[in-house]
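Peer 1: Make a model of the complete structure from these sequences and hints.
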Amino acid sequence: AQSVTQPDIHITVSEGASLELRCNYSYGATPYLFWYVQSPGQGLQLLLKYFSGDTLVQGIKGFEAEFKRSQSSFNLRKPSVHWSDAAEYFCAVGANTDKLIFGTGTRLQVFP
Amino acid sequence: GAVVSQHPSWVICKSGTSVKIECRSLDFQATTMFWYRQFPKQSLMLMATSNEGSKATYEQGVEKDKFLINHASLTLSTLTVTSAHPEDSSFYICSASPRQGASGGEQYFGPGTRLTVT
Numbered sequence: 001a002q003s004v005t006q007p008d009i010h011i012t013v014s015e016g017a018s019l020e021l022r023c024n025y026s027y028g029a030t031p032y033l034f035w036y037v038q039s040p041g042q043g044l045q046l047l048l049k050y051f052s053g054d055t056l057v058q059g060i061k062g063f064e065a066e067f068k069r070s071q072s073s074f075n076l077r078k079p080s081v082h083w084s085d086a087a088e089y090f091c092a093v094g095a096n097t098d099k100l101i102f103g104t105g106t107r108l109q110v111f112p
Numbered sequence: 001g002a003v004v005s006q007h008p009s010w011v012i013c014k015s016g017t018s019v020k021i022e023c024r025s026l027d028f029q030a031t032t033m034f035w036y037r038q039f040p041k042q043s044l045m046l047m048a049t050s051n052e053g054s055k056a057t058y059e060q061g062v063e064k065d066k067f068l069i070n071h072a073s074l075t076l077s078t079l080t081v082t083s084a085h086p087e088d089s090s091f092y093i094c095s096a097s098p099r100q101g102a103s104g105g106e107q108y109f110g111p112g113t114r115l116t117v118t
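If you read the protein sequences in the order shown, they are chains A and B.
Read left to right, the first sequence gives residues 1 to 112 (our numbering).
Read left to right, the second sequence gives residues 1 to 118 (our numbering).
Keep in mind the hints are simulated off the structure, nothing from the lab.
There could be a bad hint or two in this list.
[Unchecked claim] Mimicking DSSO-like on lysine-lysine, the simulated pairs with C-alpha atoms at most 27 Å apart in a straight line are:
#, chain 1, residue 1, chain 2, residue 2
1, A, LYS99, B, LYS55
2, B, LYS14, B, LYS41
3, A, LYS49, A, LYS61
4, B, LYS64, B, LYS14
5, B, LYS41, A, LYS49
6, B, LYS55, B, LYS66
7, B, LYS64, A, LYS99
8, A, LYS49, A, LYS68
9, A, LYS99, B, LYS66
10, B, LYS20, B, LYS41
11, B, LYS20, B, LYS66
12, B, LYS64, B, LYS41
13, A, LYS99, B, LYS41
14, A, LYS61, B, LYS41
15, B, LYS64, B, LYS20
16, B, LYS20, A, LYS99
On a predicted model such as this, the values are computed, not experimentally measured, just so you know.
Peer 2: This is the structure we're talking about:
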């Protein structure tokens with residue numbers, strides 16, 4: 001079955017620290033992979049996406065993610081977190097012929 | 001580019017009434033539109049997929065008679081929650097794609113509509 005797992009429900013980091021949010025997927029074919037960010041009461045903003053090619057993808061706001069096929073993972077990273085990064089982060093998997101499947105989300109809290 | 005708007009951003013209604021939520025693609029033609037529901041502190045659950053001019057395809061467990069979806073043009077889809085009850089209170093998010101079909105590869109999300117049924 002197709003699924004996305006975000007093992008960390010809640011992560012707390014200090015401002016300036018590095019960040020890695022985990023995402024594992026189960027998908028029958030080569031998937032399209034996405035990371036979205038959602039601020040409280042807001043819609044989703046696309047941070048980055050992987051369709052093919054270079055497995056290290058750069059996104060907005062200084063985020064990057066690496067697709068590792070052997071590990072079925074697409075972890076999101078940022079070298080130095082800012083207080084404004086506090087939000088909910090969703091990993092999603094899909095394809096042009098299939099719907100998007102979202103993970104359960106990781107809530108990021110940033111302490112000054 | 002690829003902006004999607006929703007209206008209203010929040011709405012409060014009384015139990016038993018109906019509420020309509022609009023989703024518009026502002027700068028592209030949305031061949032396919034999607035409606036999601038999000039409960040507090042939970043993920044997005046796809047409710048239905050609609051293609052312009054045809055009936056929506058509902059996900060398993062979603063009552064099509066309760067959640068009426070109309071995709072009358074390439075820039076507008078509406079979700080009507082009929083005879084709303086408190087358990088329908090939720091955050092409803094639409095997305096749009098210029099592609100036909102499930103479009104898991106390219107969707108643009110609206111800002112969401114908070115529905116509270118009293």
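Peer 1: Now tell me, hint by hint, if it's right for this structure.
Peer 2: How the hints compare with the structure:
1. A/LYS99 / B/LYS55: Holds, because 17 Å separates the two Cα atoms, which is no more than 27 Å.
2. B/LYS14 / B/LYS41: With a Cα-Cα distance of about 24 Å, the restraint between B/LYS14 and B/LYS41 holds, given a limit of 27 Å.
3. A/LYS49 / A/LYS61: Judged against 27 Å, a Cα distance of about 14 Å means the pair holds.
4. B/LYS64 / B/LYS14: 21 Å, holds
5. B/LYS41 / A/LYS49: 23 Å, holds
6. B/LYS55 / B/LYS66: 15 Å, holds
7. B/LYS64 / A/LYS99: Distance ~19 Å between B/LYS64 and A/LYS99 Cα, so the pair holds.
8. A/LYS49 / A/LYS68: Holds - the C-alpha atoms of A/LYS68 and A/LYS49 are around 14 Å apart, at most 27 Å.
9. A/LYS99 / B/LYS66: The given pair, whose Cα atoms are some 22 Å apart, holds under the 27 Å limit.
10. B/LYS20 / B/LYS41: 24 Å, holds
11. B/LYS20 / B/LYS66: Measuring from Cα to Cα gives roughly 12 Å; hence the hint holds.
12. B/LYS64 / B/LYS41: 25 Å, holds
13. A/LYS99 / B/LYS41: The given pair, whose Cα atoms are some 22 Å apart, holds under the 27 Å limit.
14. A/LYS61 / B/LYS41: 23 Å, holds
15. B/LYS64 / B/LYS20: 14 Å, holds
16. B/LYS20 / A/LYS99: 24 Å, holds
In this structure, every one of the numbered hints holds.
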